[in-house]
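S.K.: We have chain C; now place chains F and U onto it with these hints.
Chains as they are written, first to last, in the numbering used here: chain C, 37 to 362; chain F, 16 to 203; chain U, 4 to 390.
Check the hints yourself; a few may be wrong.
[What the hints assert, rightly or not] No farther apart than 25 Å at their CA atoms in a straight line, the calculated lysine to aspartate or glutamate pairs in the DMTMM-like style are these:
hint: 1; chain 1: U; residue 1: K65; chain 2: U; residue 2: D273
hint: 2; chain 1: F; residue 1: K134; chain 2: U; residue 2: D186
hint: 3; chain 1: U; residue 1: K65; chain 2: U; residue 2: D233
hint: 4; chain 1: U; residue 1: K81; chain 2: U; residue 2: E68
hint: 5; chain 1: F; residue 1: K55; chain 2: U; residue 2: D160
hint: 6; chain 1: F; residue 1: K93; chain 2: U; residue 2: D160
hint: 7; chain 1: F; residue 1: K134; chain 2: U; residue 2: E156
hint: 8; chain 1: U; residue 1: K81; chain 2: F; residue 2: D69
[What the hints assert, rightly or not] Okay, the calculated beta carbon distance ranges per label pair:
hint: 9; chain 1: C; residue 1: M176; chain 2: U; residue 2: A197; range: 45 to 55 Å
hint: 10; chain 1: F; residue 1: M27; chain 2: U; residue 2: I152; range: 47 to 57 Å
hint: 11; chain 1: U; residue 1: R22; chain 2: C; residue 2: R80; range: 18 to 28 Å
hint: 12; chain 1: U; residue 1: G51; chain 2: F; residue 2: M27; range: 37 to 47 Å
hint: 13; chain 1: U; residue 1: K311; chain 2: C; residue 2: R66; range: 47 to 57 Å
[Said to hold, decoys possible] Residues of chain C clear of chain F, computed beta-carbon distances all greater than 10 Å:
hint: 14; residue: V42
hint: 15; residue: I76
hint: 16; residue: G82
hint: 17; residue: I156
hint: 18; residue: I190
hint: 19; residue: W318
In short, the hints are calculated from the structure, not lab data.
Glycine residues also receive a C-beta, built at the ideal position from the N, C-alpha and C atoms.
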Amino acid sequence: MPAWLVAALAAFAVLNVVLVIVTYVTLLERKFAARMQTRIGPYRVGPHGLLQPIADAVKLVMKEDIVPDAADRPVYNLAPIVFLIPCMLIFATIPFAPGLGVADLNIGILFFLAVSAMEIVGLFMAGWGSNNKYALLSAMRAVNQIISYDLPFIFSALVPVLLTGSLRLSDIAAAQSGLWFVFYPVIGQLAFLFFVISTLAAENRVPFDILEAESELVAGFRVEYSGMKFAIIQLGEYAHMVGSSFLGALLFLGAWSGPGPEWLGPIWFLIKAMLVFLLVTWVRWSFVRIRVDQILTLSWKLLLPATLLLLATTAVVIVWRTSGLT
Amino acid sequence: MASPESLTTIVMAVLRAMRVTFLNLFRKPVTVHYPDVERKYPNRFRGLLALTYDQETGEENCIGCRLCEYVCPPAVIKVEMLKAEKRNYAKTFTLELYACEFCELCVQVCPTDAIIMMKSFDLATTDRREMLLDKDRLHAIGLQHQPSWATGNRLRDAQTPPKGAPRPHPPQEPPAAKPAPSPTGASA
Amino acid sequence: MIDTAVQSQVAIDYSAGERLTMNMGPQHPSAHGVFRAILTLEGETVVGVDAVIGYLHRCHEKLAETLTYAQYPSIASKTDYVAAMTSEFAYVLAAEQIGVVDVPKRAQYIRVIAAELQRIASHLLWLGTWCMDMGGALGGGATVFLYCIRERELILDLFESLVGARLLYGLFQVGGVRYDLPDGWPQQCRDTLATIEQRLIEYERLLEDNPFFLARARGVGFITRELAEDVGVAGPLLRGSGVNFDLRRNLPYSSYGDFTFSVPVEPEGDCFARYRVRMVEFRQSIAIVRQALDRLPDGPISSRPALKSVAQIRIQKGEAYARVEGPRGEVGCYLIADGSPKPYRMKWRGASFSNLSVLPHVLPGHKVADVVAIMGSVDPVFGEVDR
Numbered sequence: 037m038p039a040w041l042v043a044a045l046a047a048f049a050v051l052n053v054v055l056v057i058v059t060y061v062t063l064l065e066r067k068f069a070a071r072m073q074t075r076i077g078p079y080r081v082g083p084h085g086l087l088q089p090i091a092d093a094v095k096l097v098m099k100e101d102i103v104p105d106a107a108d109r110p111v112y113n114l115a116p117i118v119f120l121i122p123c124m125l126i127f128a129t130i131p132f133a134p135g136l137g138v139a140d141l142n143i144g145i146l147f148f149l150a151v152s153a154m155e156i157v158g159l160f161m162a163g164w165g166s167n168n169k170y171a172l173l174s175a176m177r178a179v180n181q182i183i184s185y186d187l188p189f190i191f192s193a194l195v196p197v198l199l200t201g202s203l204r205l206s207d208i209a210a211a212q213s214g215l216w217f218v219f220y221p222v223i224g225q226l227a228f229l230f231f232v233i234s235t236l237a238a239e240n241r242v243p244f245d246i247l248e249a250e251s252e253l254v255a256g257f258r259v260e261y262s263g264m265k266f267a268i269i270q271l272g273e274y275a276h277m278v279g280s281s282f283l284g285a286l287l288f289l290g291a292w293s294g295p296g297p298e299w300l301g302p303i304w305f306l307i308k309a310m311l312v313f314l315l316v317t318w319v320r321w322s323f324v325r326i327r328v329d330q331i332l333t334l335s336w337k338l339l340l341p342a343t344l345l346l347l348a349t350t351a352v353v354i355v356w357r358t359s360g361l362t
Numbered sequence: 016m017a018s019p020e021s022l023t024t025i026v027m028a029v030l031r032a033m034r035v036t037f038l039n040l041f042r043k044p045v046t047v048h049y050p051d052v053e054r055k056y057p058n059r060f061r062g063l064l065a066l067t068y069d070q071e072t073g074e075e076n077c078i079g080c081r082l083c084e085y086v087c088p089p090a091v092i093k094v095e096m097l098k099a100e101k102r103n104y105a106k107t108f109t110l111e112l113y114a115c116e117f118c119e120l121c122v123q124v125c126p127t128d129a130i131i132m133m134k135s136f137d138l139a140t141t142d143r144r145e146m147l148l149d150k151d152r153l154h155a156i157g158l159q160h161q162p163s164w165a166t167g168n169r170l171r172d173a174q175t176p177p178k179g180a181p182r183p184h185p186p187q188e189p190p191a192a193k194p195a196p197s198p199t200g201a202s203a
Numbered sequence: 004m005i006d007t008a009v010q011s012q013v014a015i016d017y018s019a020g021e022r023l024t025m026n027m028g029p030q031h032p033s034a035h036g037v038f039r040a041i042l043t044l045e046g047e048t049v050v051g052v053d054a055v056i057g058y059l060h061r062c063h064e065k066l067a068e069t070l071t072y073a074q075y076p077s078i079a080s081k082t083d084y085v086a087a088m089t090s091e092f093a094y095v096l097a098a099e100q101i102g103v104v105d106v107p108k109r110a111q112y113i114r115v116i117a118a119e120l121q122r123i124a125s126h127l128l129w130l131g132t133w134c135m136d137m138g139g140a141l142g143g144g145a146t147v148f149l150y151c152i153r154e155r156e157l158i159l160d161l162f163e164s165l166v167g168a169r170l171l172y173g174l175f176q177v178g179g180v181r182y183d184l185p186d187g188w189p190q191q192c193r194d195t196l197a198t199i200e201q202r203l204i205e206y207e208r209l210l211e212d213n214p215f216f217l218a219r220a221r222g223v224g225f226i227t228r229e230l231a232e233d234v235g236v237a238g239p240l241l242r243g244s245g246v247n248f249d250l251r252r253n254l255p256y257s258s259y260g261d262f263t264f265s266v267p268v269e270p271e272g273d274c275f276a277r278y279r280v281r282m283v284e285f286r287q288s289i290a291i292v293r294q295a296l297d298r299l300p301d302g303p304i305s306s307r308p309a310l311k312s313v314a315q316i317r318i319q320k321g322e323a324y325a326r327v328e329g330p331r332g333e334v335g336c337y338l339i340a341d342g343s344p345k346p347y348r349m350k351w352r353g354a355s356f357s358n359l360s361v362l363p364h365v366l367p368g369h370k371v372a373d374v375v376a377i378m379g380s381v382d383p384v385f386g387e388v389d390r
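If we strip away everything but chain C, and leave its shape as in the complex, we get:
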C-alpha cells in the first residue's frame, strides 16, 4: 500500500477515535462533577446516561441555525471550522503506542504547541464575525488570556523536552520507561503543576473562564452561535482539552508505560490522559472565577517568571548531572 494511503487511513482512524473520546469525555465530566456535588449526572438516557452525548448531538443537529442579520457571513460561517481544525490537528503528532501514531515528527512537541495556539484565530473570527459587542469584547479578552498563558504552557512543556533531549514525542515517552517525569524531585512536580495551571487558563476553564462570564454570563464569543456550529465550537474546545490531557500524560505521566503486556500501553495512556482531565475538572468544579485583570496578573507576574526560572534550573541541573557523571 502506498505510504500516503496508510497515513490517510491512520489519520481517518485517529480522527474517529478522537471524536468518540471527546464526545464521551463530556459525559465523564458531567458524571464526575455531579458526584462531587452529591448528585447523579445524566442517568435516564441509556443505561447510566451512556446515550446522553448522542442525544445531545442529535438535539444540536436538529436545532435551527440562526445567523444574525448584521453578521459578517464568511467570517461567521468559517470561524467554527477554523477553530476546530487546529484542535483536531494536534492529535496528529501524539503517539498512542511505540510506533502507533499518525505522524511522529521529529519536532513533535513544537508542532503540537504551535498548532494548538492557532485556535485563537478561529476564536477571534467567531467574536468578530458575530458583530456583537459582547462577543467582540469577550473574544479580545480570550485572545489576551490565551496568549498570556501559552507562554507558561510552552515553558512548562519544555521541561520534559530538556530532560529527554529531543523534541520527538515518542522519544519523550520512551525516556520515561524508568521514572516518570512527574516524579523527578521538585522539578517534575513544579513543571506538572504549572502545566496544569496553564492548561486551565489556555482552555478558558474556571477559575479562568471570565470570558464566559463576560457581560454578565452571556456565553462570550460563542453567544451568536446555535445548532451545529455551536456543537463544532464545543467539540473543538473539548478536543483541545483532551489533547492537552494526552500531552500532559505523555510529557509527565509516562504515556504508555505501565504494568502488563505491551498491547495494554494505549489503554494505560488513555487512563492517564483521563486522570489529567479529571484533575482539571476537579479544579474547575471547586473554585470561583477570578477577574480578568487578576488572571493576567497571575500569568505575567507569577507564572511566566516561575516557568522561566524552572526552565533555567532544569538546564543547570542537567548540565550539573551530566558533567558530574563524567
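M.R.: Chains F and U alone, transformed into the frame defined by chain C:
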C-alpha cells in the same frame, strides 16, 4: 506575592478546598429518583384539595356554608348552597386550583372537615381546564389519595384546646424507645 | 472587509472617550430576580449606575387593604419569598401592637425558632447564589450552590413537617401561631442543626482561605460606615461596615431577650466582611434555636380563639410600626387600623429596597465583574424591593 510562605499558604488553601470537593465524591447522592420512587410526604403536607364524605353515613360533609369561599385570599372557591330539610348541601363547588395559594385557610375554617388537603402534589397537566376542579372531581381526589393530618377541627383544636383536654407535654427528649423517624425520611 | 453600513447598525456609544452604556437587564442569569442596572462603563470600569426596579410590583400594600388580618399573613410571605417567615412576623407584630394582643410564651418561642431557622435557610441560599454568580453555573460556584441547597432542603423539610409547605408558610397569625410542633420535631430539628454545623465548617474550608475567592471578595465593594448610616441600610450590610446594631438585641421583640447570642460586627465593609458577618450569624442562629428548643414552655399557641371565619380578628383604631430583624436587614410593617377586620393602610419597609440604594454609591470605580460580586453580597430579593 511570590514569597515562599504566602505561596505555601496559597497552595495549602487550594488543596484544602479541593479536598472538600473530593470527599463529597464519596457521599451518597441526595437525588430522589422521582417518579420511580415515591416521595414520602410529611403528615401535614399541603397538597391537592379535596372534598370528603362522612366516614359512617357516606354523606357529603360539605354543608355549603361558604366560609371557605369568604376566607380564601385569592378567592378561588365558588360555592352555591342547596337548602334541604335536615341539612344544607353545596349545589356547586368550584375551586380554581391554578390560582390556589395552598395557604390552608379554607381547611382551617371548615366546620365539618369537608374540605381537606391530601398528601399528594401530582398536578402536572397540559390542559389548564383540568385544574378547574368541580365538585365531582374534588370528591374523586378525596378518594384517590391519602389525606393530610391537618383537617379543620384538628387545626382549631391545636390552637384552642377543647375545655378539659390536657395540654400535651412538649417532647424535649427523644422517646425512650426507637426515636420517631423523620416524616420525610430525609437525611444527608 | 467590514461593511460600514452594517457596522452602523450596532450602536456603540463611543462619545466622551470610551464610554459604553451597558444594560444588565431584567433577565440575567445572576440569580437575584428582576432588576435592571444601566451601567455606564469607561473601558472596564463602571462610572455610573442607573437602577431600575418595579418589575415585580404586585400591589401588596393595596392588597392588604382588601384582605383581613386573618387572610393577609399568608400573603405577606410573598414579599420576601426567600425568608417568608420574616414578613409574616412583621405584619402580625404590627397588628398585635395596635390591638394590644398578648402572645403566649410558647407561641413566642415557636416564632423565634421559625424566624431563626428561616435566617439559616436564607443565608444558605445567599451563599449558594453568591458563589454561583462569582463562579459560574459551570464551575465551582455551582458546587457551592448545590451544597448549600442540599442543606437548605433539610430546613425546608423541617418546615414541611411543621406547617405543610416548603417556601411560603402562613405560620403566623394575630395572637400566636397556627401550628404546633409535631411529635419528634425537636429531635429532627436538633439533628438538622448538627448536620448544618458540620457542613458550615466544610464551606469555610472550601472558601475561607481560597485565594480565588479572596481575590474576588476582599477589597471589593467598600461601604463606609458613614455611607451605611446615611443611606439607611440594615442587616449584614450595616454590621459588615462596623455599626453594632441588631434589632434582636437592641429592641428585643418576641422574647428575644431571653436568649444569649452575640452579634457579629466587622469593621472593613467589603464583601468579605459581609460574608464573615453572615457566616457568624449562621452559628448564632443555630445557638438561638437550640436554646429555644431546650426551654420551650408549655401552653397554648394562640391567645385568640382559633380562626373560624374571615372577619374574626378586629383591631381597634390605632397605628403602629413593627420592625423585625430579617436576614437581609430590617423589615418593617406600618399598619393603620380602623376597627374593621381590614387595615386602613399598610406599608412595608423592605430591607432590600433600602439596601439597594447603596449601589450607585458603591459600584462606580469597580470593574464589571465586581458588579455581580457586590450585588450578591448585598443580597437583594426583589419581592421585597418591589412588593
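S.K.: So which of those numbered hints doesn't the model satisfy?
M.R.: 1, 3, 6, 8, 10, 11, 15 and 19
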